[in-house]
Amino acid sequence: MLDLRQYDSLGAALGDALDRFPDHVCLIEADRDRENHRLTYKQFRQQAMPVAFALEDLNFGAGSRAAILMSNQSKWLIAAYAILYRGGVFVPLDYKLGAQEHAELLAHSKAEVLFVEYHLWRMLQKAPGFPGLRLRAVFVTEAPEGADIGPARRWEDCLPVKEPTFVPRTRQDWAGIVYSSGTGGRPKGCILTHENYLEQCRSLTTWYPFWPGVRYLSILPTNHAIDFMVGFIGPFVCGAAVVHLRTLRPEYIRDAFPRFRITYASVVPLLLKNVERSLRARFDELPPMRRRILDSLIALNRALTRRRPHPRLSRLLLPQVHKAFGGQLLALIVGGAFTEPATLQFFYDLGIPVANGYGLTEASTAITVNDLKPFRADTVGKPLPGVEVRITNKTPDGVGEVEVRGKTVMAGYLDDPELTAETIVDGWLRTGDLGWFDPQGHLHLVGRKKNMIVTEGGKNVYPEDIERAFEDLPAKEFCIFAANSLWPTRSLGTGESLVMVVRPDGDAADGLRDEIATRNRRLADFKRVGGLLVWESDFPRTASLKIKRPELARQIAERVERSAVIEL
Amino acid sequence: MPAKNLDEIIAEILDLAAQKFRVPRAELSPDDDFFKKLEIDSMQALDLLTGLERHFSIELPDYELAGVTDFRTLAERIQARVG
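Here the protein sequences line up with chains R and W, keeping their order.
1 is the number of the first residue of the first sequence in this note's numbering; add one for each residue after it.
1 is the number of the first residue of the second sequence in this note's numbering; add one for each residue after it.
Watch out, some of these pointers could steer you wrong.
What the hints assert, rightly or not - List of simulated lysine-lysine pairs, DSBU-like, C-alpha gap at most 35 Å:
1. W:Lys20 - R:Lys162
2. R:Lys407 - W:Lys36
3. W:Lys36 - R:Lys476
4. R:Lys394 - R:Lys546
5. R:Lys126 - W:Lys4
6. R:Lys407 - R:Lys373
7. R:Lys323 - W:Lys4
8. W:Lys20 - R:Lys548
If you're looking for bench data, these hints aren't it; they were derived computationally from the structure.
Given the structure is predicted, the values throughout are model-derived calculations rather than measurements.
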C-alpha cells in the first residue's frame, strides 16, 4: 500500500497507485452473468486521461466543481479520477433520488460540469429545476447511437488529443462535496478535504487492509461515502480490484461472490437480512440429521472464533457455506442504517464477520468500527485510529451526545456557516447521536438526540433503543414514538406513553399484540410499549433507508386520532 | 407480433403488479408511485422487474430504471425495449 502520509491530495495518491500497479486488474465490470470488461491500472489511466483532457479544455481546474450522477460502474471512478487529476472538487449524487432532487442538488453545489448516465440525463432534462442550472458541460455515458442528447457531449467523444496537466492540491483544499441525507430535513453538502479522505483511508485500512489480489464487490452506491472509500480509494492505493455489478438483483449478487472470488463487499442491512432469510430457508430444508450436524458445526465455529475470526478454520468447518460465498470472503461491511445484532451474530457464527460500525458523512464516513478483537454484535465498535470520540452532557447512566474530533472531520457545510458553527464547536463534531462507552471501549448507540423521550418519571427513553428489543417482529416495519410527541395534548404516563406504529405483514395484527406483550415483559417498566397503532402506508425513509421519524410523526398526527391506538 | 401501444403495456404492468403484490387492480393508476402504492421496498421492486422481464420477454437493466418510480415511465422504458 502507498504511504498516504506522503501525499497532499487524492489525485496525487491515486496517480502514484496507477503507476505502481500497472498490470494489476483494478476494475471488473459485469452485468448479470456477462462480464463487460476488466481494466488494469494502466488501462484505467489510459481511459481517464482523455476525460481529464476534456476538462482541461474547458478550463476546468483548481477548485472547479463537477458532479457525478451514475450508478456503480467503471466510468464513475474514471470520472472521479479525471476531476481530481485536474484539481477539481467532485460532487457525487445519489442516482436513486428523483430528477428534481438531482436538479436541486446540482444547483446547490454550483457544479459546472456533470457526468451522467443517459437514462438519468433524459429524466433530469424534464425536471422543473433543470432550466435554471448553470452547467458548462455535460458528459453523457451509454447514450445509444443516434440518441438525441441535447447540448451534452458523449463520453466516448473524449479523445486522447494530448496528455493533460496534473493540478496539485494541498491537504486542506476541498476534494468533494457530499450530500448527507440525514434523517429528515433538507440534505446538507458536507465539504470533505483531501486530508479528510487520506486520513480516513489510512485509519480504515489499518483494521481492514487491502492488497493486490483482494477483490471488493461494489454494491452500495458509490456516491455513498462508504463505497467511495472502500470501493475506490482504499483498494486503489493498495493495488486491489473493485468489481462493479450493474444489477442489484439478489440472484446475480449471490452468483458474483463465487464467480469473482470476492474478499470484501459492502451491503445495506436490507440486503444482509435478505441473504440471512435465504440462508435460513436453505438450512431449514435440510434433512433432520444433516441439520443437526450443521448446527453442531456452527456452534463449534462460534466457540473457536470467540476471541477473533479464523477464516481458514471456518472455511474448513463450514465448506458449503463458504463455497457459496466464493471461499475468499473475509468480511462484509454494513452501512447506511441500523443492523440487528441477531443478524450480525448469525453471519459471524458462520465464519463471515460483518464489519458493523457507525459513521457520518460529516466525519468522512466511519467513526467507529468493529475491530473483531473480539467480534461484538451488540456495539458499533471502537473509534478508528486517529479518531477521538467523547460523550458529553452525560446522564447518571453515562449516556450523552457523541462528539468526534480528528483529521476526518469535514471542513463544514457548503454555504451554510450557521449550521457549520452549530455542528462543529471547538473542533468537535456534534453528531446529534446519543451513546455510551462500555469498559472495553466499545461505543453503544442508543438513539438520536431529537428522538429522546423524557417520561413523566424523569427517565430518558430512546425509541431506537427500545426498537432493538423488538427486532425480528413479524411485521413489515415498525417504529416507536412517545404518544405525547404525536398527540401533544395528552399528558405523559409511564405505562401508556410509548406507542409502537406497525405496518403489519398481512393480517397478523392480532398475533403481534401477544408478541409485543411477551417482549415488553423483558423490558424495564418505563421502556415498555403501552399502545399499538396499525399503520397501512409505508414509512417515509431517507435514501439510506433510515426512517424519517419527524415526517412519519407528522403523517400520523394528521391522519389518526389517539383513540386509534390499541392499548396493550 | 404487432408492437404494443403504451396503454396496453401499462395495463399489463398494472395487472401483473396487482396480482404479484395482492393489491386490488382497480386501485392502481398509471401515474402512481409504485413503491408507495404497492408498499414495496427496493428489493421487492427488483422482483417486480424480474416478473416484467419474463412477461414481456425482454431484459430491463437496473440502471435504465434508476429514478423511475411511476408505472407510466416504467411502461415507456419497457415499450422502448419491446420495440
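Broken hints, numbered, in rising order? Per hint list: 1, 2, 7 violated.
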